[in-house]
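Trainee: Listed below, chain by chain, are the residues.
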Amino acid sequence: MNAFRDAGHLFRLAGVFAAGVLLFLVLRSFLVPKSFGEYGHYRGNALAEIAARPVNFAGHETCETCHADVLEKKRDGKHAHVNCEACHGPLAKHADDPSSVTPAKLDAAVLCVRCHEANAAKPKSFPQVVSADHSNGLPCDTCHQPHSPAIAAEPAK
Amino acid sequence: MQGVEGFMYPNEVELQWSVLIVLYPFLTGLVAGAFILASLERVFNVEAVKPTYRLALLTALAFLLIAPLPLQLHLGHPERSFEMYLTPHTTSAMAMFGFVYLWYLMAVLVLEIWLDYRRDIVLLSQSTTGVTRLIYRAMTLGSSNISERALHIDERAGWLITVIGIPSAFLLHGYVGFIFGSIKANPWWSSPLMPVVFIFSAMVSGIATVMLVYMFLTWSRKQTIDMRCVDTVARYLFYIFIIDFTLEMLDLIHRIYESDESFRSLDFMVHTKLYVSHIVVQIFLGTVTPILLLGATQVLNLTDRARKRIYGLAGCLTLIGIFAMRWNVVIGGQLFSKSFLGYTTYKMGLVTREGLLTAIVLTVLPLVILWVLVKLLPPWPERHTRPDSVIAHAR
Amino acid sequence: MNLTRRHLLLLLPAAGVAWKYILAGTPEVAPNYKLTDHWWGMLIDLTKCIGCGNCVRACQAENDVPDGYFRTWVERYHVTDYDIENPQVDSPDGGRKGFPPAKDPSGKNFFVPKLCNHCADSPCTQVCPVGATFIGPDGVVLVDKTYCLGCRYCVQACPYGCRFISPKTETAEKCTLCYHRITKGLTTACCETCPTGARQLADLKNPKDPIHEFLKTHSVQVLKPYMATHAKVFYNNLDGSVR
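Protein sequence lines correspond, in order, to chains A, B and C.
First residue of the first sequence: 1, per our numbering; consecutive thereafter.
First residue of the second sequence: 158, per our numbering; consecutive thereafter.
First residue of the third sequence: 553, per our numbering; consecutive thereafter.
Just to be clear, a hint being listed does not mean it is correct.
[Said to hold, decoys possible] Residues on chain C that point at chain A, a partial pick, calculated with CB under 10 Å: (1) Leu-598; (2) Gly-659; (3) Gly-683; (4) Gly-688; (5) Cys-743; (6) Pro-747; (7) Lys-757; (8) Leu-775.
These are calculated hints, taken from the structure and not from any lab test.
Note that the structure is predicted; figures quoted are calculated from it, not measured.
Glycine residues also receive a C-beta, built at the ideal position from the N, C-alpha and C atoms.
Kindly produce the complete structure, drawing on both the sequences and the hints.
Mentor: Okay, here's the thing in structure tokens:
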């Protein structure tokens, strides 16, 4: 009995520790987000929150529902697999409200050389030109129709 | 780009871990080292180092209280750090920090200090007045039992805690090494030797700190320094330093001999951006010089005065060297590209949140806390013996 | 014809989800999307990459990536003869504005687009102390920016340099594989705008995905395979000098 009495201060200390651990466990049960652990060691709701972000690029299927004429024009040309927004930029807002949001006019002088300016690192089979020598300063779309650029296939109108 | 040589992945240009993360292993290292020195007396019965026992414990506590601060300050969201306790990720070395830290602080250091000081605390709670009395009263937890049996139980419990404390101290700092050593993406860090090197360098820095603090405090109290004690501490410092240096050289030689794909890149870095801090400060100034100085005191027959000076100098150089080691690990590991094709530069802020000023404040803060602790819980033997008469009265 | 284009869109929804829903986004994963039905990755055909930088620009437009940081970028390699251990690499502004002419047109020159590899055993999610970054049941590595501490351990752990700390949120940020798009039946912004089809989103759990045929007939490789991260971004024609 005496040993217990003389170790009394240790029991008091153990009590303080136990109270601390208990407090932690209570707080923990309140503070851990509800969806934590739903799929793994993370907040399950985070998936939906990240997925909820609005899109800026509408995607070519969306464009094609209205602009079937352009799709037709592109179909047999070299740019058949170049998606609309690769050149026209993000246009989800336009797709949502076509009448009030109109896409900006594109500048062929800037746009074409992005892909077609010659560079030793580009695949050899990719059509590329040194723009300064190629057109004598004429804009590309003087000769090439951007939606179907091969000159033989469809002469510029 | 400014400060970039060669090619870095574009997101790598900015360093992620700043001087504060250099400070963090430095401070925890002092804790682990100081505790291991304290345990020498308790567990291994090295009588000579007794005068430093309590001081070593208080030093460890002072540095441990500040150790998480640099981490907190560098977090993007310090207010979320409690999540480490709520949802610790078991695969993350860092998640274990909270628990290892708490374990070491509460279950080892605070407990051991409390048990060792309990008699003093009880006596002080009876002899003081006012606020200090309340503080001491709170620390007694309402039990003023300092009978011989109770103190004997404390002694036994304290011994057990020290025995548990030694592996805990190794765990605390070895784990800090593991945080770096387990990053396979970074060849400068990724090494199983990292935790071991961290532990031994921690012991070196902790022992040096306690030695310096003891010499300084004794001098400032105009007492005579116990040369037998300091000689013994210095001898341990010398031995452990040799082990530490051997391990570091083993790591270096292994890297040079293996010369894996990262070697050329790291070698270049050590000879350029890290040359001063690694070769000059860490290896020559901070490791080889103090080892030679301490070695000289072992071999030559020097006067007390000369030995004291050498110990002081060697201790300071040691701390500089260990700080440089932490710097070279943390900062060095971020200066090269993981493509091994380029290097970036660390630009330390001055008065920013993670800048030089913060680092200096965080280095001085533990010393302030130590000063408070020494006032609150005097570690001196004369205080220790005086209350014996009081005890006789109490009985 | 009374039907406006907008109504038409509602009647012809992309991937079976109402357009309005796609644009605005609501806090549920798309109703037709089942997490366990997918295992996302990407195929990058280096024989087709022309270094135009469309992917980098599209990523920044789609995901509001902070200036100076990259969720995807393009590198240009130059290798002289057999010296594959010493490539010269550049990536001015992450390739966002394309590339100037090569300094040395001799030897081998080529582009390599990079992005998060959405590793199945990703070192970044392993080291996250709180579970703020994770791999979803559909194989996309994501960051929960409301839970991230900003400790930067994941940035250190990524062998590919794909992560950074956003100066806006002070949390880790990275490629989400356009999670807000792929869960709604769209492809990623980078794949949508890649003019040559060098980048292809791939659903490895979908037996009809063309990637399976491609993998069967080509020599593909992942980046730093020795890191054993089980990366899911596959490169066709990857040169040995790329790291």
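Trainee: Now tell me if each hint is right for this structure.
Mentor: Each hint, compared with the structure:
1. The restraint placing Leu-598(C) at the interface with chain A holds, with a minimum CB-CB distance near 9 Å, inside the 10 Å limit.
2. At a threshold of 10 Å, the smallest CB-CB gap from Gly-659(C) to chain A is about 9 Å, leaving the interface hint in force.
3. Interface restraint check for Gly-683(C): the shortest CB-CB distance to chain A comes to about 4 Å, inside 10 Å, so the restraint holds.
4. With 10 Å as the threshold, the beta carbon of Gly-688(C) comes within range of chain A, its nearest partner Cβ sitting at about 6 Å, so the hint holds.
5. Here the hint on Cys-743(C) is kept, as its CB sits about 9 Å from the closest CB of chain A, short of 10 Å.
6. Interface restraint check for Pro-747(C): the shortest CB-CB distance to chain A comes to about 5 Å, inside 10 Å, so the restraint holds.
7. Here the hint on Lys-757(C) is broken, as its CB sits about 16 Å from the closest CB of chain A, past 10 Å.
8. Annotation: interface hint on Leu-775(C) violated; nearest CB of chain A at approximately 18 Å, more than 10 Å.
Hints 7 and 8 from the list above are not met by this structure, while the remaining hints are.
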